[in-house]
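From just these sequences and the hints, can you work out the full model?
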Amino acid sequence: MLSCLAHPFDNEYIMQKKRSLKRELLAFDTEFIEKKVAILGGSTTAEIKNILELFLLNFGIKPEFYESEYAQYWQDAMFGEKLENFNPDIVFIHTGYRNISGLPYLQDSTAVVDDLLKQQFSHFSQMWDKLLAQGYCVIQNNFERPLYRLLGNKDISDYRGHSNFVSRLNQKFYEYASTHSGFYINDIDYLSASYGLEKWSDLSSWYMYKYALCLQAIPELAFSVANIIKSVYGKNKKAFVLDLDNTLWGGVIGDDGQESIVLGQDNPEGYAYCEFQAYIKAHLDLGIVLAISSKNDEENAFLGLEHPDSSLSTEDFTIIKANWDSKDQNITKIADQLSLGVDSFVFVDDNPAERILVSSQIPGISVPEIGAVENYIRLIDKSGFFESTTMTEDDMARGQMYRQNAQRTNQEKSFTNYGEYLKSLDMKASITDFDPVYLQRVAQLTNKTNQFNLTTKRYSENDISAIAAEADYIRLCGRLSDKFGDNGIVSVLIGRKDKMVCHLDLWLMSCRVLKRDMELAMLDKLVEKCRAESIKKLIGYYFPTPKNAMVKNFYHELGFEQIDEKENATIWELDIDRYEKKNQSIKIL
Amino acid sequence: MLNREEIRKNLNLIFQDVFDDTTIEITDEMSAKDIEDWDSLAQIDLIVASEGTFNVKFGISEIAQLKNIGDMLDLIERKLCQ
Chain A
1 MLSCLAHPFD NEYIMQKKRS LKRELLAFDT EFIEKKVAIL GGSTTAEIKN ILELFLLNFG
61 IKPEFYESEY AQYWQDAMFG EKLENFNPDI VFIHTGYRNI SGLPYLQDST AVVDDLLKQQ
121 FSHFSQMWDK LLAQGYCVIQ NNFERPLYRL LGNKDISDYR GHSNFVSRLN QKFYEYASTH
181 SGFYINDIDY LSASYGLEKW SDLSSWYMYK YALCLQAIPE LAFSVANIIK SVYGKNKKAF
241 VLDLDNTLWG GVIGDDGQES IVLGQDNPEG YAYCEFQAYI KAHLDLGIVL AISSKNDEEN
301 AFLGLEHPDS SLSTEDFTII KANWDSKDQN ITKIADQLSL GVDSFVFVDD NPAERILVSS
361 QIPGISVPEI GAVENYIRLI DKSGFFESTT MTEDDMARGQ MYRQNAQRTN QEKSFTNYGE
421 YLKSLDMKAS ITDFDPVYLQ RVAQLTNKTN QFNLTTKRYS ENDISAIAAE ADYIRLCGRL
481 SDKFGDNGIV SVLIGRKDKM VCHLDLWLMS CRVLKRDMEL AMLDKLVEKC RAESIKKLIG
541 YYFPTPKNAM VKNFYHELGF EQIDEKENAT IWELDIDRYE KKNQSIKIL
Chain B
1 MLNREEIRKN LNLIFQDVFD DTTIEITDEM SAKDIEDWDS LAQIDLIVAS EGTFNVKFGI
61 SEIAQLKNIG DMLDLIERKL CQ
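Protein chains in written order, with my numbering: chain A, 1 to 589; chain B, 1 to 82.
Treat the hints with caution; some may be incorrect.
As the list claims (entries may be wrong) - Derived pair list, reagent style PhoX-like, types lysine-lysine, alpha-carbon separation capped at 20 Å:
id: 1; chain 1: A; residue 1: 130; chain 2: A; residue 2: 118
id: 2; chain 1: A; residue 1: 295; chain 2: A; residue 2: 448
id: 3; chain 1: B; residue 1: 67; chain 2: A; residue 2: 199
id: 4; chain 1: A; residue 1: 515; chain 2: A; residue 2: 428
id: 5; chain 1: B; residue 1: 33; chain 2: A; residue 2: 210
id: 6; chain 1: B; residue 1: 67; chain 2: B; residue 2: 57
Said to hold, decoys possible - Some residues of chain B that are not near chain A, with every Cβ distance over 10 Å (derived):
id: 7; residue: 3
id: 8; residue: 19
id: 9; residue: 34
id: 10; residue: 41
To be verified - Covered stretches of chain A (in silico footprint by chain B; criterion: 3 or more residues with CB under 8 Å from a CB of chain B, positions within the stretch not fixed):
id: 11; region: 15 to 25
id: 12; region: 377 to 389
Bear in mind the hints are in silico, worked out from the structure with no lab data behind them.
C-beta: ideal position from N, C-alpha, C; glycine also.
Written as structure tokens, this is what we have:
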């Protein structure tokens, strides 16, 4: 990862250095996922493409691009064979205020303006319908505020004001977004406001080069789009690791004592720490895991969190490491305990020396330069670490699940026999076909599961819907609950039927239920389904990646026989007639 | 205040960055036809980078009149005097 592409970035530096930056990014030993991105523009997009490429590469996504001819976004989407042949994964529609083809006149009646609004909206929605039906993900700009206000302040409230019209059109976009999955708004209304509308809508860029935003702002736009794309492909961050002293409160708890740390609204700095704590706490609802790595004695760490003005409490943190070991070691331990990759962590520490240590020792971890306390929220928020595109119910429950997992780990210690422990968990699983409510979660799992994943095939939600409708597949998704709570959908299996044989195209499991025998329950169910359809053989595939060594011998352990090996990939076979049920720990509902 | 040679040095760095080629040595007479990758897109990068480096803003008519690097140096010099 290049730190110059992390927020806050120097827009001009990125644009000036883009060629050498691209060279550097491609030279890293990154395991890129490859995606096809079509940019359909209502204005010039060449530089947007180049800068978007840098941010995507920095997120581990190697894009192949299609760009529509100048301002041909609509024609390309509606009638473009070229776009169809390109077969994009993502379509980014870069339009803005200048692409609104009809705006109200002062003499128009409300009915006329309402009609105009409908027309303008359907120009876009027809196009989206078409693109979504083809199975593409669509990212659509909303509209920035018009630069001029013919009616002055009234322009935003009067139905004939262009500001008013644009705001209503935006609302209709949002309604569409909330009722269509695979459709995401890129909020340039926010971006332009934050950047400064006058600078954003710099007219010389338009008159000279037909760019709908000033050239220097292109990195802001591209970063925002890249964040949406990385979120769609499961590359969001998942956890905060936070320091305590001078990060969650002012002062040093070990020296100053609980009564003297700076926290609380009666003091400007203390007020800022309060608001930062509340901002961090709100991430629990998004399913973000919170952990602490602090150089402190444990009792002092707890004392600080028990401060009456501390909105964060010890229960909010899944893991608290307060000791005198180095932070990189602590973070590695936290990652192991949570079964999360360190590259899904955001490390927040006011001390630049700790930040440098951690960012140099732990590849892939994000370490924002947070500045002084009054800037913490802004700098973290704009980094887009947790950009939410598909917010499933599972996401929202995830924080709680990790806490339950920590409880389970504690309980594990007191049993002598592992089987006894598993029985004590009272596990129950339901293993079903891909019911409509699960499609989103299934697609999400195929994109973010790296370790327990035999083939690492990625599917979009539309791919999964298509498979769910096909008779040639056996599909299983497994949900596991235990006495501590519901883990949600944790395992997915796709078998492709070919006469008497079933090929296992996909088998994955979430690492939070490792060693729980869920894989055995899945295999039992699969065999049961196969027998019902007179299938005699299962063929399993293991395609190695840098992350899935964990399942290298998985099929062997299940009693499959290896029948072939090609470039490290192994192929395995299981005779269904001789199979005996394996799962004994989980009750099947 | 930068003199013309200092401006040239800074502008040369910009050219080297934009074309990712450390061997470029700009001259007054050089223009788009002399550097293979100098297309309209690179032109935009050069303008944006120059505006940023020298902390100036070029007008659209000023940009339209640029014929070669000498013109660019003149323009930057003039802007810095204002």
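Evaluation of the provided hints:
1. Only pairs whose Cα atoms come within 20 Å are accepted, and residue 130 of chain A paired with residue 118 of chain A is accepted, the gap being roughly 18 Å.
2. For the hint pairing residue 295 of chain A with residue 448 of chain A, the CA-to-CA distance comes to about 33 Å; that exceeds 20 Å, so the pair is violated.
3. For the suggested pair residue 67 of chain B and residue 199 of chain A, the alpha carbons sit about 27 Å apart, so the restraint of at most 20 Å is broken.
4. With a C-alpha separation of about 15 Å, the suggested pairing of residue 515 of chain A with residue 428 of chain A holds against the 20 Å cut-off.
5. With a CA separation close to 23 Å, the supplied pair residue 33 of chain B and residue 210 of chain A exceeds the 20 Å bound.
6. With a C-alpha separation of about 18 Å, the suggested pair residue 67 of chain B and residue 57 of chain B falls inside the 20 Å cut-off, and the hint holds.
7. The non-interface label for residue 3 of chain B is consistent with chain A: the shortest C-beta to C-beta separation is roughly 23 Å, beyond 10 Å.
8. For residue 19 of chain B, the shortest C-beta to C-beta distance to chain A comes to about 7 Å, within the 10 Å cut-off, and the non-interface label is violated.
9. The Cβ of residue 34 of chain B sits about 18 Å from the closest Cβ of chain A, beyond the 10 Å cut-off, so the non-interface label holds.
10. The beta carbon of residue 41 of chain B is not kept farther than 10 Å from every beta carbon of chain A, the shortest such distance being approximately 5 Å.
11. With 7 residues having a Cβ less than 8 Å from any Cβ of chain B, the region 15 to 25 of chain A passes the three-residue criterion, so the hint holds.
12. Beta-carbon proximity to chain B at under 8 Å applies to 0 residues in the region 377 to 389 of chain A; the threshold of 3 is not reached and the given coverage is violated.
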